[in-house]
Amino acid sequence: MTQQNIGNASIAADEVNPYCSDLDIFFSNADVDTLSRVDAILCFVNAVFSFVAVFANAIILYALYKASSLNSTSKALLCSLALSDMGIGAIVQPLFVVYRWAQIRHGLEDDACMAGFIAHVTGSGLAAVSFLTMTTISVDRLLALHLRMKYQAIITLRRTCLALAFIWTLGCLSGVSWKRDQREHSFSSIICIPICFVVSFLCYFKIYRVLRKQGCKMAGHVNLLKGKGKITEMNLSRYKKSVLSMFYLFCAFLISFLPYFCLKLAVVMSGWNTAISVLFSISLTMVYLNSSLNPLIYCWRITELKQIVLQTLCQCFSIIRGFSFKPVLV
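Going by my numbering, the letters in the sequence shown line up with residues 317 to 646, in that order.
These are computed hints drawn from the structure, not numbers from a lab.
Virtual Cβ for every residue (Gly too), placed ideally from N, Cα, C.
It cannot be assumed that every hint is accurate.
Label-pair restraints from in silico Cβ distances [stated by the list, open to error]:
#1 H462 to V584: 36 to 42 Å
#2 L574 to A374: 48 to 54 Å
#3 D349 to K495: 37 to 43 Å
#4 A469 to G587: 35 to 41 Å
#5 I613 to T350: 32 to 38 Å
Between the sequences and the hints, there should be enough to build the whole structure, so can you do that?
Okay, here's the thing in structure tokens:
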């Protein structure tokens, strides 16, 4: 399909569906053949990993529900992260595949424009939720270290849920801002993404310094939690493991979101061209793939979740195998 045909299809669709004008910016200054070849590969990748993200995060949510060793605050934060990741797999990636494949085959048409619009708006909102939740987790781990015995009294489940409600509200506003003004949305992303990264990095760096400084003073245990009327002890090695697990999640976010941030910056500075359009599509896919990567990190680092996930998978396979090999009585 030639550049002129793509342009004509986009203009014709825009006359019927105003959402096409929000998407045409990704293709108007790009070489269509190059972008189509890349998009075909990205469609396949997103189609496969959308199932992975939904299935894996659904099992993680069930495991978090069954887990008893995690405190309620940590479970709420991880549930928020898993929900946003599952939303990306269930909504964003399938719609991304639909509209990008339609663009390859026919150009932007009514249904494809609507799918693309929903994909970008929802993806922007859910990615913001994931990003802000990840930042909140790093702050929570730092507060657990500094508040110690006062942690459970101050960082309650109710306050955590209020913070998460605020985060999801900001995610909705992020999606709305994408529709209202994409340039303004790009500026907001360029400002917010580095701030969140810096806050998370400083939290983990502060935790590292405190643990390193006080390690010789702690005889294997540190009082971090306070139960009802009595002090309970958290093993220092267990706290370190939880912090390290969350730090691995942070590193995964950094790897996934950094290319997206750089491309947003490039768009603001130089506008759209073939190279930026291709790389931006790849960076979006990297952000989406993070939703499939996070459950693997949970299972790798959190022993109880791994055990529950393995038990659940074994039960599922046993049920499936039972149906498959059930003898038919004549």
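**Item:** Hints violated by the structure (numbers, ascending)
**Value:** Failing hints, ascending: 2, 3 and 4.
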